[in-house]
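According to our numbering, the sequence shown is numbered sequentially starting from 1176.
For the record, the hints were derived by calculation from the structure and aren't laboratory data. Each hint should be verified, as a subset may be incorrect.
No farther apart than 20 Å at their CA atoms in a straight line, the calculated lysine to any residue pairs in the SDA-like style are these [what the hints assert, rightly or not]: (1) 1256 with 1243; (2) 1285 with 1227; (3) 1332 with 1260; (4) 1332 with 1246; (5) 1285 with 1228; (6) 1217 with 1309; (7) 1332 with 1257; (8) 1217 with 1332; (9) 1217 with 1282; (10) 1217 with 1288; (11) 1332 with 1187; (12) 1217 with 1232; (13) 1285 with 1301; (14) 1256 with 1176; (15) 1285 with 1223; (16) 1217 with 1204; (17) 1332 with 1184; (18) 1217 with 1305; (19) 1332 with 1178; (20) 1285 with 1260; (21) 1285 with 1273; (22) 1217 with 1260; (23) 1217 with 1303.
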Amino acid sequence: MIAILLTSTLLTMLGIAGVLMGTYDLQSGPLPEDLQDLGQLKLQFLEAQATNPYRRPMAAANIVVSGLVLIGSFMLSWRRKLAQWWIRQAVTAKLIWIVAYTATLVYHLKLVFPSLPAQSPGGATLTELISNVVLGSLISAALHVAAAWRVSRPDIKAFIEGGGTN
1176 MIAILLTSTL LTMLGIAGVL MGTYDLQSGP LPEDLQDLGQ LKLQFLEAQA
1226 TNPYRRPMAA ANIVVSGLVL IGSFMLSWRR KLAQWWIRQA VTAKLIWIVA
1276 YTATLVYHLK LVFPSLPAQS PGGATLTELI SNVVLGSLIS AALHVAAAWR
1326 VSRPDIKAFI EGGGTN
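Whole structure, please, built from the sequences with the hints as guidance.
Right under this line is the structure:
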């Protein structure tokens, strides 16, 4: 029972975080002027994210796929027979979104920072920026895969079908 609760909670948090991020990306406009305290490269990175032409469509897609993950977590809590199937489909959709979002952001960063050196001994490089974007995406993907793997286990299926109180 605790494993179900923890898995459902993880899925709920992932779903809510995705919906909130998508909603923020849909509503956000140009960067506020009070961000001048940040370093120049950080400010340029935030500006690049804000000017990404794929930001709004990807934000809308994020709201949809994160909503699917959220619905899956509710189905798991309510012991619906289709919960495992639904969560697998929702996580697959979210993984596709993560790959697409990462690809579009990396592509846009390469366009925005063409003069940034690929390798530099002292300062930030384009490779470091892209590595940070990819690392964040990998962490998100790993959390989603871990939740989907946990949901697919036989003890969860037995609990959903009412055969146990694990």
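We went through each hint and held it up to the structure:
For the proposed pair residue 1256 and residue 1243, the alpha carbon gap of about 16 Å is at most 20 Å, so the pair holds. A C-alpha spacing of about 11 Å is found between residue 1285 and residue 1227, which places the hinted pair at or below 20 Å, so the restraint holds. Our distance criterion of 20 Å between C-alpha atoms is met by residue 1332 and residue 1260, whose separation comes to about 11 Å. Proximity of residue 1332 to residue 1246 is assessed by CA-CA distance (about 17 Å); at most 20 Å being required, the pair is judged to hold.
A threshold of 20 Å between alpha carbons decides the hint, and for residue 1285 with residue 1228 the separation of about 13 Å falls inside it, so the pair holds. At most 20 Å may separate the alpha-carbon atoms for a hinted pair to count; residue 1217 and residue 1309 meet this at roughly 17 Å. Simply put, residue 1332 and residue 1257 have alpha-carbon atoms about 10 Å apart, close enough for the 20 Å limit, and the pair holds. Only pairs whose Cα atoms come within 20 Å are accepted, and residue 1217 paired with residue 1332 is rejected, the gap being roughly 46 Å.
For the hint pairing residue 1217 with residue 1282, the CA-to-CA distance comes to about 18 Å; that is within 20 Å, so the pair holds. At roughly 12 Å between alpha-carbon atoms, residue 1217 and residue 1288 fall within 20 Å of each other, so this suggested pair holds. Between residue 1332 and residue 1187 the alpha-carbon distance is near 19 Å, which keeps this suggested pair within the 20 Å criterion. Restraint check for residue 1217 and residue 1232: the C-alpha separation of about 24 Å exceeds 20 Å, so the hint is violated.
Straight-line distance between C-alpha atoms of residue 1285 and residue 1301 comes to about 8 Å, which keeps the hinted pair within the 20 Å bound. Taken as a hint, the residue 1256 and residue 1176 pair is honoured in the structure, with Cα atoms around 16 Å apart against an allowance of 20 Å. Pair hint residue 1285 plus residue 1223 holds up; C-alpha atoms about 10 Å apart against a cutoff of 20 Å. Between the alpha carbons of residue 1217 and residue 1204 the distance comes to roughly 17 Å, so the proposed pair stays at or under 20 Å and holds.
With a C-alpha separation of about 17 Å, the suggested pairing of residue 1332 with residue 1184 holds against the 20 Å cut-off. Straight-line distance between C-alpha atoms of residue 1217 and residue 1305 comes to about 13 Å, which keeps the hinted pair within the 20 Å bound. As the CA atoms of residue 1332 and residue 1178 are separated by approximately 12 Å, the hinted pair is consistent with the 20 Å bound. Under the criterion of a C-alpha separation no larger than 20 Å, the hint pairing residue 1285 with residue 1260 is inconsistent with the structure, at around 38 Å.
A hinted pair counts as satisfied when its Cα atoms are at most 20 Å apart, and residue 1285 with residue 1273 qualifies at roughly 18 Å. Of the pairs offered as hints, the one joining residue 1217 and residue 1260 is violated, with about 41 Å between alpha carbons and a cut-off of 20 Å exceeded. For a cut-off of 20 Å, the pair hint linking residue 1217 to residue 1303 stands: about 12 Å separates their Cα positions.
Violated hints, in rising order: 8, 12, 20 and 22; the structure is consistent with all others.
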